[in-house]
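Can you build the whole structure from these sequences, using the hints too?
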Amino acid sequence: MNLLKDASNMKTYIENDGFHALHITLEHTQDEIIEEVERSGLLGRGGAAFPTGLKMKFVRNEKTTPKYIVGNADEGEPGTFKDRVLIEKNPFQILEGMIISAYAIGASKGFFYLRYEYRNLVKEIERKMEEMREENLLGKNIMGTDFSFDIELVLGAGAYVCGEETALMESIEGKRGFPRIKPPYPAQYGLWGKPTLINNVETLANIPLIVNMGPKKYAEMGKEGCTGPKLFSVSGYVRKPGVYEANLGEYTVREMIEIAGGVDGEFKGLMLGGGAAGFILNGNFLDMPLCFKDAKEWGVSLGTGNIIVFNQSVNIWDVLLNIAKFFEHESCGQCFPCRYGTKRIRKIIEKILEGKGTTEDIEKINATARAMKIASLCPLGSSAMLAYESAMQNFRDELLEVIS
Amino acid sequence: MISLRINGKVVKAKDGESILQVARREGIDIPALCYMVEEKPIGSCGLCVVEIRQGNRKYYARACTTKVSEGMEIRTHTREVEEARKTILEMLAEEHSEIGGDAMKLFSRYHVRASGKTMRKEPNLVNNPFISFNPNACVSCFRCVQACSLKENHVLVRENRGSRIRIVAGINENLKDANCAFCGACVDACPTGALMDLTHREFSGELKRITTICPYCGVGCAIDYFVSDNEIIYARGSKKGVNKGDDCIKGRYGWEFVHHPERLKKPLIKKNGEFHEVSWEEALEYIASRFKKIREIYGVDSIAGLSSAKCTNEENYLFQKFMRVAIGTNNVDHCARLCHASTVVGLFKVFGSGAMTNSLEDLENDAELYFVIGSNTTHAHPVIGTMIKRAVKKGAKLIVADPRNIELASYADIYLRHRPGTDVALINGMMNVIISLGLADMEFVKNRTEGFEKLKHTVKRYTPEYVEKITGVSRDLITRAAVMYATHRSAIIYAMGITQHTSGTGNVASLANLALLTGNVGKPGTGVNPLRGQNNVQGAGDMGALPNLLPGYVKLGTRKAREIEEIWGDKIPENPGLTVVEMMHAASEGKIKAMYIMGENPAVSDPDQKHVIQSLKSLEFLVVQDLFLSETAQLADVVLPAASSLEKEGTFTNTERRVQLLHKVIEPVGDAKPDWWIITNLARRFGKNWRYKSPEDIFEEIRMVVEQYRGITYHRISDFGIQWPCPTEEHPGTKILHTVSFPTPNGLARFTPYEYKPPAEEPNSEYPFVLTTGRTYEHFHTGTLTRKIEGFNVLMPRAFVEINSEDAKTLGIKEGDCVLVESRRGAIKVRAKIADIKKGVVFIPFHFAENAANVLTIDALDPEAKIPEFKVAAVRLKKC
Amino acid sequence: MGSMESRILEIIEKHKSRDSKILPILHGVQDEFGYIPEKAIKLIARELRMKPGEIYDTASFYSFFRFEPPGKHIVRVCDCMVCHIKGASEIIHRIEKEFNIHMGETTKDGKFTFETVEGLGHCDESPVMMIDDKIYGNLDPMKAMKILRGYEQ
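Chains as they are written, first to last, in the working numbering: chain A, 1 to 404; chain B, 1 to 880; chain C, 1 to 153.
No lab work stands behind these hints: they were computed from the structure. Note that beta-carbon positions come from the ideal geometry of N, C-alpha and C, so glycine has one too. Just so you know, nobody snuck in bad clues.
Distance windows between CB atoms, simulated: (1) S108/A with R7/C: 29 to 37 Å; (2) E68/C with P797/B: 30 to 38 Å; (3) K108/C with N284/A: 47 to 55 Å.
According to the in silico footprint, chain C covers these stretches of chain A (three or more CB under 8 Å from chain C): (4) 71–79; (5) 170–176.
No farther apart than 35 Å at their CA atoms in a straight line, the calculated lysine-lysine pairs in the DSBU-like style are these: (6) K240/B with K67/B; (7) K89/A with K146/C; (8) K356/A with K86/B; (9) K555/B with K571/B; (10) K176/B with K42/C; (11) K109/A with K16/C; (12) K735/B with K240/B; (13) K143/C with K347/A; (14) K394/B with K194/A; (15) K194/A with K42/C; (16) K393/B with K194/A; (17) K878/B with K839/B; (18) K40/B with K16/C; (19) K21/C with K40/B; (20) K140/A with K16/C; (21) K268/A with K97/C.
In structure tokens:
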């Protein structure tokens, strides 16, 4: 295991090569580190799969100071719990990755943004950071070098949209989590208007691996276009739900479900990518390799690496209503298309589940979806309909059966 | 320049422009609902979404938030975007039943009709006299929230999120409790008719817009009045004025007094204790004969006149001319005596000129630091208050010195809470620090000033330790304030907290010394800037409504005075007259027998009210000219109905010396006449052949007499005023005084150090509290105008006394309790308001005749400026 | 009241120097009082030189900040998609019936405040609920009720 190793106390972590990467880093230039990350082919693990090295380079190239780094542990997609497990099992690797990234981009301050639902982890994380300060791994003159950096833990307060990078930054700044209008992007105008690197915590945990083993060896895990280890949250109707680590491209969806104990009951379908902004798929997708690149070719996305398995007891309209309610509740309300659209869709699906759905209602959903897609201000609005649209493709007959 | 295509047409645009800006310029009508401020698009409605192709990428984006870039191909009305727009509007209509306002046009354009359910529950934010809110019309576009935050008020905010999001005031309170400023910016911003002015009158027929100067404070905002059939329907801050579209509660909602039923409409003569309506002819004849008789029996100096900072320059000019040449006395003064007499004397002593040194514009743009002392700016001069708040948000520094925790104190980097009346010590202390730390601008001191050694000698003993004892401000804060002031481009802003003291002249001069010492004079964003209380207090002084100075601040008996005599063709008496408070004393002593009072209300405004009323009662003859039967007018023998400033032409000079032209908004009500007409017709009855047919005729004479105004003409200021001095018609006016030299004989400013002297009346065991007086946001001065406005009375119905919470506890006083406040001169009963005010200090506003703060105040005067000490009196408090 | 004010001021003082100050202060206040009293919003605004409305604008956005005192125990039943398909609705119905209450309300005796939430992040134990800070997983209606009865003592 590269990510999910059980190293929650510092002694174990250090015995497992912990902080070795940091040590190496401090003997290299900032650009050398960024180049290694670039060459590793690491793609962001938070859902968007953007090249991490490139993002680091953007921030590194900005002249404005101070610069900030944010570790995003606001995982809010239903069915996604890999960051929680990672934090519980291997917190130092995330923090080490954060320090290395901070060094590479020239940040002096970092924020660890933790979702409210994980508040019982706060004390533990803060204690870990305190231990690191005592060991001079965090704070002033880290490991006796000129490099000083510290991390502040910020606890969210219940808002899915804060997982969106600019909304998250607004939240750290003490404001409501309204996503910002982009551009400018965080690399130029992030926290308090300063250049900011924001990465998912799983992404950060990959950084020490790259520095330790070198980009070439790292890239050998996985395959061209999707390298390195990845965490998969597997839940729903499987016999052993949990977080599983695998190299990207190593397994297909079917194999991952097997690893999680196999289907509990008779397989019907699955949700991939996220439990809200994800894809509702049928058995045709079981042979898709779990790799960002393959997923793209299959017309879907791995998202946060989330698989929710449905057995025959699951009603797809019911799932869609749950998702619609979720988006209505979690829409930030900043823009009309999403604010009103999510509510409208929930109401129509409720009507359909009462058995009163008509083809006009379906057309109304489609028109709403189109408006949300082109006129929403942030990805929440434009991704809210992914589940519906994919369900319509993959379970069309079942869904239309109840429409008159 | 950027080149792009919109709907196939090649268009040029500037870098940084948004698609919406460019499209609208090209006449392409992209719909938008939330779009308001070009530079700060909100982006909520999504209606302005357009299709963009760039290279081989095609995407959709908001036109308002997307900047143009080279080679963009934009399509604004494709089937897809038009469908999305219609869908968005349909969704709005499904949720909101009563959308109105400009949004209606969009709905009819897309053939969408409202169908949402109607809520009938009143939202919290209503329940106020000025602004209504209809939740069925509100689509939470956030324009009002943006408008409120651009005013730095942050009262309207968003509650909750998603489809439950809504607009609330403060912590979901009503507007008043949420400290709304009632500037109405939100109403102007609302596109759906959810927020509306409650004062908006019904009207039929055509609506005319007439812009004139606000009748209230010295900021001199331009206000757009919308008029139908000689009636004002509503008002808005004008974009054309110094206020650039901003306004405050008084400017926006404070015009209703002009239509008030109690307006005086006929001249009144009192017979057997009762007023009777008479003709103008009879009233003027009667006045002339009585004045002449009294003059015959008691001599010219038995008559005194009070001119008015609420009247135009032309009227003040005529009034003092009337007193001087028709009556023959220099007994003429006006309420500036009560507010800024010490400014005129103090700044004259140091700089050679007694006016605000800088302009609102350069203070806004160039100051790095504001030192606000003795000015509750956000209440008394709200538009300047907003300007300071905005500047601070943008990074300017702020030092506030005030015994009360005024709103600006919460924006301050350093807040100095000194004891009332200890300003000289505080400022000397700052100068002590500046000199001892070597922070003085010695280059400036050497080249532009004289008397530095004298100053140095005086401030030497005002060490921070010593000053801490006097002022109650810690030595550390004094030092930090001094250093901060000295190391920035700093502007001093002050008002009555500085001037209304027996040490008023010393306070003003000390501030001027401080500015000189650090070279903060004669440059943009610096200076010593008194904020004038009345709309024309600067002008009334400029026009010589003063007992010792003629128009243009010409001293009596000088060569220049004789030049004025020549223009007037009349002799001017040479012995200086009496000031306001001295007149009252002379009246009670029987030396003044008759008074002519134009638009002033000394029975409420002057210190030691009991004594003032006695004095006025002891007069043989009193003429009062006013809009209403004020407390003073009730004591008069003749009352003349005057036209308000919205009913006439003329000029006002605002706090920054800007001479601004009034435009007549409506015709005078009833038989009311402009003051200039009344004075002219009275003068004719004294054998003066005055032939002024209009205010402009008078202004043309003013230009001959007053050097500072010489280059200003009505034509030149028809759109926007000019700041004096303006010596020639080619001169652009003077934004900043003293840039090159000072108007002193040798061109140098004169350091004029003062020693700290305690106030006339200090607290003791019998009267343990210090009373300080001032204004509230809702009311103005003696309330003659503002207390005629129902909404203001709802928001601020009665007087109160602000007490420190610890003091209140000791006295067993709770919020809202009735409190008896007694001084050596009288007692009043008011409600207690527990407030953040310095311990041992209490505050009472002076607007309320029925609980007049001036019953308590002392008429002790500054020996030089003769200004009374409204800001310090010893009182005791008792629960009643 | 005096002690509430001084306690709030202590919390503000503790977090004021943090860059992120507002959220930590709001959490501090809610941890102390169970909710965010109006008084606290006013004091936070005063101390941070903001307007109370600005603080409320932020606080009211987040679903876990509350402005009314909650019951002794806060029960959050997860109704995310995973819990939902694995029977969260039955648990919710059972609770609503047994306690004669709707989700989002507090029981009359003040013992419980019930809420549904959208993802506690324990999908490996679905369906789950959180009572105060403790997670209970692999629930069914009966198991959930048993746990709740335990808290009633």
